[in-house]
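**Q** Take a look at the letters that make up each chain.
4 protein chains.
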Amino acid sequence: MARPRSPEKKEWIRKAAINLISEEGFHGVTTDKIAREAGVSVGTIYNYFENKEDIISYIFQVEHKKLNILFDRFQKKEISVPEKFKLLIEKYFKYVFNNEKLARIIHNETFRPGKKITREIFNYILAIRKYLKELVEEGIREGSIYPDYNLDMVVNFIMGLSFTTVVFGLTEPEEVEYIYKKAPEDIYNMLVRGIFVSER
Amino acid sequence: MARPRSPEKKEWIRKAAINLISEEGFHGVTTDKIAREAGVSVGTIYNYFENKEDIISYIFQVEHKKLNILFDRFQKKEISVPEKFKLLIEKYFKYVFNNEKLARIIHNETFRPGKKITREIFNYILAIRKYLKELVEEGIREGSIYPDYNLDMVVNFIMGLSFTTVVFGLTEPEEVEYIYKKAPEDIYNMLVRGIFVSER
Amino acid sequence: MARPRSPEKKEWIRKAAINLISEEGFHGVTTDKIAREAGVSVGTIYNYFENKEDIISYIFQVEHKKLNILFDRFQKKEISVPEKFKLLIEKYFKYVFNNEKLARIIHNETFRPGKKITREIFNYILAIRKYLKELVEEGIREGSIYPDYNLDMVVNFIMGLSFTTVVFGLTEPEEVEYIYKKAPEDIYNMLVRGIFVSER
Amino acid sequence: MARPRSPEKKEWIRKAAINLISEEGFHGVTTDKIAREAGVSVGTIYNYFENKEDIISYIFQVEHKKLNILFDRFQKKEISVPEKFKLLIEKYFKYVFNNEKLARIIHNETFRPGKKITREIFNYILAIRKYLKELVEEGIREGSIYPDYNLDMVVNFIMGLSFTTVVFGLTEPEEVEYIYKKAPEDIYNMLVRGIFVSER
DNA sequence: TATGAATGAGCGTTCATTCAT
DNA sequence: TATGAATGAACGCTCATTCAT
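So the protein lines, in turn, are chains A, B, C and D. Note that the working numbering numbers the first sequence so that position 74 is 74, with each residue one more than the last. Note that the working numbering numbers the second sequence so that position 4 is 4, with each residue one more than the last. Note that the working numbering numbers the third sequence so that position 53 is 53, with each residue one more than the last. Note that the working numbering numbers the fourth sequence so that position 80 is 80, with each residue one more than the last.
Please note that the accuracy of each hint is not assured.
Because identical chains share one entry, a pair is satisfied inside a single copy or across any pair of copies.
To be verified - DMTMM-like cross-link-like pairs, simulated, lysine to aspartate or glutamate; straight-line CA separation at most 20 Å:
(1) Lys182 / Asp148
(2) Lys91 / Glu8
(3) Lys181 / Asp152
(4) Lys77 / Glu138
(5) Lys84 / Glu100
Everything labelled a hint here was simulated from the structure, so no lab data went into it.
When you get a sec, could you build the whole thing from the sequences and use the hints?
**A** Below, the structure is given as structure tokens:
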């Protein structure tokens, strides 16, 4: 199993898998289907991947890399933490909107239970949390984030807000566009002032 | 005159299924395993359930009923909407803490993709959204919730916050207790004033 | 398993089995279905029958008895062999017409292959062949049947003619009545002069 | 470039199925048994056939094709209809004698009741009836067949005679050879002059 | 004796993986 | 390296039979 000749073919397989898994779920898709969709034979899949699980692992691996690049770029931005979040949320929704199928997989398969949860999926989520945590800590330091929250929980809030908005959006396709366009602003406002009208 | 069909046995099966599905996921569990865990034969399962899918359907059905009772009780409370939410969130986390396995299933299987998503799971989620929506509308009417958000999105916020906190909590078992105990207050605060320190 | 109290119930089961097996075949019918159709519980079936196979065995047993009575009556008739056959064929078609479901079973299940072919079915067919053989021998003795045929084959002819007419009739329900009314005469004529016009 | 899909293997499966089904009946045979008998794995069966039913369907399909070739050849013969029948009957018995197991299946499974009767079996029988009917009509036209019989019934006669002779022959294996060798002549004679001695 | 819930061997079928070509 | 036929363990489910009531 030396280095495969054709990275191109690995891409075909990855994309085919994304298309199919996003629609039918990991368990609903067979290696045969993936091979057919990829225009490749089943055997070939096993030249590029150890096994079926490895495919979804790789899908997350690729996204993980993209994420790192994004985060690196953010690291260097000289803006306040709230503004970073604002931008980040916008990016996230843009990403979901433009990569609907991928987003669907990420949101559906992330919590696939059992021992079979791939290390790579776990790493992917961990990376997000780690970066957000750093950002929140920075925010607390610069005084732009309330310091009395549990740190992990703030991360959960932010991920949760976006994550769930997306997930519910994906289940109601007719509203997708509207929600995705409006969501970032709403989410940001929510992070600023909550939902409940507070008396001053 | 024969052995009476025992609701007891249906309970055994339901509980066995909850134990196993929470750990291995619906697809990772076989009817044989459920039968063994329930101390019952495979055949017996099919005496109480149409098919494997019907079991998870039933699990949600039971939770749905509990939910309705809860919501009915809330309907009658004469407190402000924010206070209702506060109570609701507390209830929710108490529930998750005491029904960890069930919670795990609810959070994992809710977005199981493919056509096979059970009607009952869908109804369960719908019921929650519907009730929350009513509550939010009430809050807007009474002036306790900012009226400029998209209504669906506010529901998403609230569900998302709680939902994701739970889900991430479930993946980091060592923090579970702390998170669950602290979460309700944090979430409520967040709904009141957001995360970002606002200037006055 | 002493003598059962209620021969009535055994009858219910037999009739239910006839109804169902005639439509779905022996393999297509479950003991549960038979019990339900009979208005009896599965357990009760096993009070009257050793096992499922035993039911079909019994169906043929009952018909066998009716047959013996019929044959005994024929034995005593003082008419020529061709006239006996004529009458016999008429009886047979009348029987099939009035007992369609039973006839269907007899014709379908008679040649059920495998070791499982019940002794009783075999005996039933044997009895028919034996009686016909005696009749043919009598016919040869009295000079009314050509003596140069193989004896078994003549029996086959006669059974085959009737048998197959019925079987094909049963598969084309719209012609049933016509065929059954016209068949006896045609079959008799055929036994008299064949099909091919012979020169004299 | 992979192992090519071998028609050879499909043949193995077909023949294994013939062997087993002829002895135990379609319902008595499992796909596992067929696979073992064919020297192939269960999975391979499903590479060549849609499902178990499809195997028996295919068996009849193959015979159907052979039949068409035979009938085509007969169509062209310039002999009288009775002579055609004579030849046809001889062919039929030769076929049965040389393909005992196949014949057993054809005769046993043809009238398998229930909705599951394969389209292919039905077509097979229909083809035979259709061809015989044409032949009978031709015979009536040329004056070699009595015109006062019901047409369908004449077909039944001929099929029935041969069919049943074979079926009964198959149940008494020790006589098989004798019966099959003698049968064609006897059947032909019977079609010529019947069984009963007619006075002139 | 009657009931019907309980049993579990056994079925047809699928599909991740292997391997001959 | 690519192919796709071959493999067979494993699955969901059925149903004849048993047995507690």
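**Q** Indicate, hint by hint, whether the structure satisfies it.
**A** Do the hints match the structure? See the list:
no., hint, in the structure
1, Lys182 / Asp148, "between (29 Å within a copy, 11 Å between copies)"
2, Lys91 / Glu8, "neither (27 Å within a copy, 52 Å between copies)"
3, Lys181 / Asp152, "between (28 Å within a copy, 13 Å between copies)"
4, Lys77 / Glu138, "within (13 Å within a copy, 42 Å between copies)"
5, Lys84 / Glu100, "neither (23 Å within a copy, 35 Å between copies)"
Checked against the numbered hints above, the structure violates hints 2, 5; every other hint is satisfied.
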